[in-house]
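2 protein chains.
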Amino acid sequence: MELYQRDDRRAVLWEQHKPRIEEALRAWQQRTYWFAYPEDTKAYPEAEASAGEADFKAQLGRPFDRLRQGGRRWVVSDEVSPYTREALGISYPQADVGEWIGAAEEALRVWRWVPWTERLGLLMESVARMAKRFFEIAHATMHTTGQAWMMAFQASGPHAADRAVEALAVAYGELSHIPEAAHWERDFGRSKAVIDKYFSPQPVGISLHIGVSTFPVWNVLPGLYASLAVGSPVILKPHPRAIYPIAIVVAILQELFEEYRLPSSIVQLAVDTVAQPVTRELAEHPLIKLIDYTGGNEFGTYLEALPGKVTFLEKAGVNGVLIESVEDIEAVAKNLAFSASLYSGQMCTAPQNVYIPREGIKTAMGTLSYKEVVAALQRAIEDLAAHPKAAPAILGALQNDTVIERIERLSAQVQVLRPATAYVHPQYAAARTLTPVVAEVVEETIARIEHFGPRLLFVPVDDAREGLLRLYQDAREKGMLSCAIYSTDRAFRQEAARLLIEAGVIVSFNFRGQVFINQSVAFSDFHGTGANPASNASFTDSSFLTKRFHWIEVRDCLAG
Amino acid sequence: MELYQRDDRRAVLWEQHKPRIEEALRAWQQRTYWFAYPEDTKAYPEAEASAGEADFKAQLGRPFDRLRQGGRRWVVSDEVSPYTREALGISYPQADVGEWIGAAEEALRVWRWVPWTERLGLLMESVARMAKRFFEIAHATMHTTGQAWMMAFQASGPHAADRAVEALAVAYGELSHIPEAAHWERDFGRSKAVIDKYFSPQPVGISLHIGVSTFPVWNVLPGLYASLAVGSPVILKPHPRAIYPIAIVVAILQELFEEYRLPSSIVQLAVDTVAQPVTRELAEHPLIKLIDYTGGNEFGTYLEALPGKVTFLEKAGVNGVLIESVEDIEAVAKNLAFSASLYSGQMCTAPQNVYIPREGIKTAMGTLSYKEVVAALQRAIEDLAAHPKAAPAILGALQNDTVIERIERLSAQVQVLRPATAYVHPQYAAARTLTPVVAEVVEETIARIEHFGPRLLFVPVDDAREGLLRLYQDAREKGMLSCAIYSTDRAFRQEAARLLIEAGVIVSFNFRGQVFINQSVAFSDFHGTGANPASNASFTDSSFLTKRFHWIEVRDCLAG
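Going line by line, the protein sequences match chains A and B.
Going by the numbering used here, the letters in the first sequence line up with residues 14 to 573, in that order.
Going by the numbering used here, the letters in the second sequence line up with residues 14 to 573, in that order.
Looking at chain A on its own, in the form it has when it is part of the complex:
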């Protein structure tokens, strides 16, 4: 029995991309070093770099007219470059919520009946086309998020694309392990039963994806591609201050869908403004069944409580570091200073609290006092922040003014060792910059709140065991997306690993050199665990896919 709407051209696309997706699935299963798209800009043709820059410049101040979707009006976005402080002046088409939902409903009727093989072929192709536009996406990301150039390129380009391929690879694994059809026979002696069985993976419903201003592509692609892979059309509601980077991706997908005789409304960009948000109206719509979201706790908790929705949430957490003992404090300090400074601490994985035993710590060169550890870390931050090349390359700029306000509020409540100060950006004099505040925090109530932005807080504890317990409690009760422990003591590491696994947090031991706790790499690291209050999902485990669809069976009895 033919259930699907098949298409030869789409089938060819699948055959073309199948070996690569199989390779990606094997990588995901082995979890050793692998990538689909290289992170080095030099790996891409020079022509793409210059075209990307030209496209970016040409787009500024003009309507974004690449989308294949209707609209009632053009809305000028709230996007402002954190570097120039000038509005990007880009307008996007906007429709009403009912129109977006209606178009998604129509798309669902088609997309769910495209065989998953053809869907995966199209989606792999879209990532390949996105790679041709990495440079424009990078410029768009830099000038909406405030990320430094290299980070903007990597995070919104190859790293995001890899997470998309990862989601597609996991989808491939989950969709292919049940056959499309099975021939079932049973001999009853006097009679023989013959049943043709069909197994169809069907999406839970229409998806809403709510983007975040700091990572408008990286945090969106896993859920976007996971939903599309299982046949769910996606309404993508970007953050009003970071639309452009993901709009490029949506335009690529829409163009591809049209090219392959499918409705472009399989994915729609649903823009709103800071003044007139539409997210609640979208989220509460009864036809929206799947919601992906990255952002603050309050809104996340609201989404989680909506009845009849499956949610994939990344919320705030209080990330912690514990220094129990080290080989070399300078290496540790340098590594942590980088992690705290990267993108001015505007990463969900940036460290906030550093628990340091009052009794000091052991090193290869004898014991260091609490004060000496603090001094080493503070010095490393200072060195980085004062470095004329490192500061702009690592810190970048602040996405918005509330980060400054938040860090000012924090500074007023703690024992500041190093104040947060602006640095002068060599290229962009107007850039909104802030180097990390370094402070000591004794009050638990302050340490147990996320102070998103450039900060590193030292929290004295009686001993390493108390620090471990604090990490455990923070992870369980407040949520945690990254957790670093420095210890040269094998038994302590083992104990810490077990305890923090029970708290549902990813633990990183002794990160130094070129590896940073902020980073989680596709095909090897899970991002988020879903097991503590900071997230209820993980990039990318099986659940991230399987919660989005159901297997529906058809049994056709040929003989009883």
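The hints are simulated quantities; they were obtained by calculation from the structure and are not laboratory data.
Fair warning: this is a prediction, and the values are worked out from it, not measured in the lab.
Errors might be hidden in some of the hints.
Copies of the same chain look alike in the list, so a pair counts if it works inside one copy or between any two.
Unchecked claim - DSS-like, lysine-lysine: derived pairs with alpha carbons at most 27 Å apart:
no.	residue 1	residue 2
1	LYS205	LYS55
2	LYS145	LYS70
3	LYS31	LYS145
4	LYS205	LYS402
5	LYS322	LYS302
6	LYS375	LYS205
7	LYS70	LYS402
8	LYS55	LYS402
Got chain A; can you put chain B on it based on the hints?
Same frame as chain A, now just chain B:
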């Protein structure tokens, strides 16, 4: 880094059972005819049959003293044989909710750190030991549920055991595709980063399993084994009128856990009585994170709304049949009469509404009028109900008196064609029996409610298309666990399949002879889809496992 508590004896058990679980996983992936335990009683030693009967008789009227769990008091259960109408007189140990939770918490600390391989070995072994007690379980099932002997044996014995093995096989698939450890290396040119990564699957928390009186083993085993496989201890709260069959399984597991130096409280039997239920107190406890449940809608909806719980629910539905055209109406009538009569309609998959076009249906021997179709079905029910051997073997007995009351209430509201009457059981004169009421229902409000029990309702529709639409609406809005369509028209079947797949229901075409829509077989059929209001889970798809655990990662940096 060693995270687990390993044990050589348990590891041996795993090696022993590994080939079989791998075979089961392949069967689940192929979905052709396969079973782990034969359903024919003759496949088991005669000695087991007689021992099972003796054990059953010896247990009646006595404390069930095989459990390895503490208790504050012995509680005489509400179990009454639907055949003899005599109380079984079995008492079970009962503790307080806090004590059960406390013991489960302690068990969690141990069980989560037993490697999943060892867990699966133990659990496969427990099913093998259960198989040795299929006969006692069958007697216990017959005399608590009212199922006829053969059904009691198959449903609570081999079929349930197969569903347990299936859950373990899917767990094996999901747990084995991520490695326990990976060695990650990346060459940065001037330096090389080396990270040992560990991936630990960790349970969401403690499980509560709420049993049902009609299928006290079959509906429990999938969730029970799925939770245990991922390291979640289970508090099993059986239905107060059907404790004995599953108590045998719990005793086997507890004995095995003790034998392998593990806490017997990894699974606990939490009995209550009709007069003093404890389910809400258990379900609302903050440490209960996973809830499996089979039963009515009202309580299911209450459970689904509890914050912070992952639920696996099978609730009520309104199962439908549509007759569009047939080869041979007698074959169809016989098949449907069996399906409606099996266990007196007390199956979640029993058909209720038969939609028949007023314009009649096509057959190989010309058109049959609506009245002729109705007459054929009614006759088939009558033949079965009046047959002195078939009636007891197929209908069995009613689990409780409320089924009678429900069918009486229904009969008063509809056009009864054949009244529900008792039949005389040849062995048990006191048996609570009722043959199906056969009626015509014109009022939609009556047809759209589940009337759980022996009934078959004819619902006239203008044509087959209207019937299809009614099935679609019933499935979407009221829920459906089985749906049968009879049609010799290939195009109609295809259209029906697509529409009903969109409604999230399993569709069965032209079931006849020895295949019945009530049945869903492990390793080939999904039971429930999770995609319509009758269930939010499926036996056994990947989600049934993956929702119960998270992957937690540890990264140990050896070089930066």
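Hint-by-hint comparison with the structure:
no., hint, in the structure
1, LYS205 to LYS55, "between (65 Å within a copy, 20 Å between copies)"
2, LYS145 to LYS70, "within (17 Å within a copy, 76 Å between copies)"
3, LYS31 to LYS145, "within (20 Å within a copy, 47 Å between copies)"
4, LYS205 to LYS402, "between (78 Å within a copy, 24 Å between copies)"
5, LYS322 to LYS302, "both (5 Å within a copy, 18 Å between copies)"
6, LYS375 to LYS205, "between (75 Å within a copy, 26 Å between copies)"
7, LYS70 to LYS402, "within (25 Å within a copy, 86 Å between copies)"
8, LYS55 to LYS402, "within (20 Å within a copy, 82 Å between copies)"
In the structure shown, no violation is registered for any of the earlier numbered hints.
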